[in-house]
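**Student:** The primary structure of each chain is shown beneath.
There are 2 protein chains.
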Amino acid sequence: MPHEIERKFLLKTVPADLANYPHYHIEQGYLMATPDGQQVRLRRTDSGCTLTFKTEEGAVREEREIEITADQFGALWPATTGKRLTKTRHKVPFGNLTIEVDIYEGTHCGLTVAEVEFPDRGACRNFQPPDWFGEEVTNNPRYSNVVLARE
Amino acid sequence: MPHEIERKFLLKTVPADLANYPHYHIEQGYLMATPDGQQVRLRRTDSGCTLTFKTEEGAVREEREIEITADQFGALWPATTGKRLTKTRHKVPFGNLTIEVDIYEGTHCGLTVAEVEFPDRGACRNFQPPDWFGEEVTNNPRYSNVVLARE
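As you go down the protein sequences, you meet chains A and B in turn. Counting from 11, one number per residue, gives the positions in the first sequence under the working numbering. Counting from 11, one number per residue, gives the positions in the second sequence under the working numbering.
Just so you know, these hints were derived from the structure itself, not from any lab. Mixed in with the good hints there might be a few duds.
In this list, chains with the same sequence are indistinguishable; a pair is considered to hold if it fits within one copy or across any two.
What the hints assert, rightly or not - Calculated pairs, SDA-like style, for lysine to any residue (alpha carbon to alpha carbon, straight line, at most 20 Å):
no., residue 1, residue 2
1, Lys101, Asn30
2, Lys22, Thr98
3, Lys18, Ser57
4, Lys64, Arg160
5, Lys64, Asn150
6, Lys18, Ala85
7, Lys93, Gln138
8, Lys93, Ile113
9, Lys64, Asp81
10, Lys93, Thr44
11, Lys64, Asn106
Build out the structure end to end from the sequences listed, making use of the hints.
**Tutor:** Right under this line is the structure:
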C-alpha cells in the first residue's frame, strides 16, 4: 500500500507573501472515521473530487485515493453532515520539500497548520522547522482533521 | 436519507427450482465497518461495481450507494483484504415481495440466508415466513455480512 510520512505543526506566523504561492480551496467531509485513525474521506477542490481511504499510526499512514465525479460526490456528500471542514491550502516550496499551509475557515477560522510530507523516514527525522513554525502536533489528536471536522 | 426495512432468516431448505430464478454472483469487501453498524462496502457483480455507505440500527437502515468504475473499484479493493465474502444471490418472487436467497461460498460454504425488504413497517411486522424459512436472525450480529466477512 502507498505510504505517507509527514509531520504537522501549528504556525506562529505565516509568510507575508503566502497568497502568491499556489493555493486552492478544500471542502472535506468524512463518511466514517474511527478513533484508531481509519477514515473514508470525501474532498472537493477546484480541480475535482476524491474519495480517500486512510489508516494511520502516528507519522506513518497508508492511503488509497480515487478521483470521483461530481455526481458520485453529490450522492455521498449528505452522509458527511456534522463531519465537515473547509480550508485553503497553500503550497510553499522549502528546499526540496513542500510545506502545505492550511488556513481553516468556519468554526476553526484563525487556525493555521503546516504539514510537511517527506520522501523517507530519515528526511522526516532530520527536518529543521523554519522559525515561523510553532508547536509540533503530529501526534496530537486535537488537531486531526477528523476531530476538527466534528466541532 | 433513503431507508431500508428488512428482515433476515436462516433457511431450512431452498426451493428445488432455485437455479431457475434470476441470480448473480456477488463479491463484496469492507473498507471500514464499526460494531455500531456503520460501513463502507465495495461490491462487484456481473452488472458492475458499487460503493455503499450504510448506517444500521436493527431492521431500519440508512443507505447511500454509488456506481463506480472497474478502475475505481480496483484501486480501493486491496484495502478490503481480510474483510471480504462471496455469495450467489437469487431473487425469488413471493406475493408482492421479493425474497433474496444468498448462497455463501468460500469460508461460509453451506450457509444459506434469506433477506426480505419491505415497503413499510407494517408489511415488515405482518410478514408470514414460508415453511422453508428457519430461525430469524435480523438482529443477530453473528449473521451480519460484516462479521462473516472477517472470518
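**Student:** Hint by hint, say whether it matches the structure.
**Tutor:** Results for each hint:
Taking the shortest alpha-carbon separations for Lys101 and Asn30, only the intra-copy value of 10 Å comes in at or below 20 Å, while the best inter-copy value is 60 Å. Taking CA atoms no more than 20 Å apart as the test, Lys22 paired with Thr98 passes inside one copy only; the shortest distance there is 17 Å, against 59 Å between copies. Within a single copy, Lys18 and Ser57 get their C-alpha atoms no closer than 24 Å, and across copies no closer than 44 Å, so neither meets the 20 Å cut-off. Taking identical chains as interchangeable, the C-alpha atoms of Lys64 and Arg160 lie at most 20 Å apart whether they share a chain (18 Å) or sit on different chains (19 Å).
In this assembly of identical chains, Lys64 and Asn150 lie within 20 Å of each other by CA distance solely inside one copy; the values are 17 Å within and 30 Å between copies. Taking the shortest alpha-carbon separations for Lys18 and Ala85, neither the intra-copy value of 32 Å nor the inter-copy value of 27 Å comes in at or below 20 Å. In this assembly of identical chains, the alpha carbons of Lys93 and Gln138 never lie at most 20 Å apart, being 33 Å within a copy and 41 Å across copies at closest. In the homo-oligomer, the alpha carbons of Lys93 and Ile113 lie at most 20 Å apart inside one protomer (18 Å), although the nearest pairing across protomers, at 37 Å, exceeds that limit.
Taking the closest pair of Cα atoms, Lys64 and Asp81 come within 20 Å of each other only across two copies (18 Å); inside a single copy the shortest separation is 23 Å, beyond that limit. With identical chains, the CA atoms of Lys93 and Thr44 are at most 20 Å apart both within one copy (12 Å) and between copies (17 Å). Within a single copy, Lys64 and Asn106 get their C-alpha atoms no closer than 26 Å, and across copies no closer than 43 Å, so neither meets the 20 Å cut-off.
Hint violations for this structure: numbers 3, 6, 7 and 11, all remaining hints satisfied.
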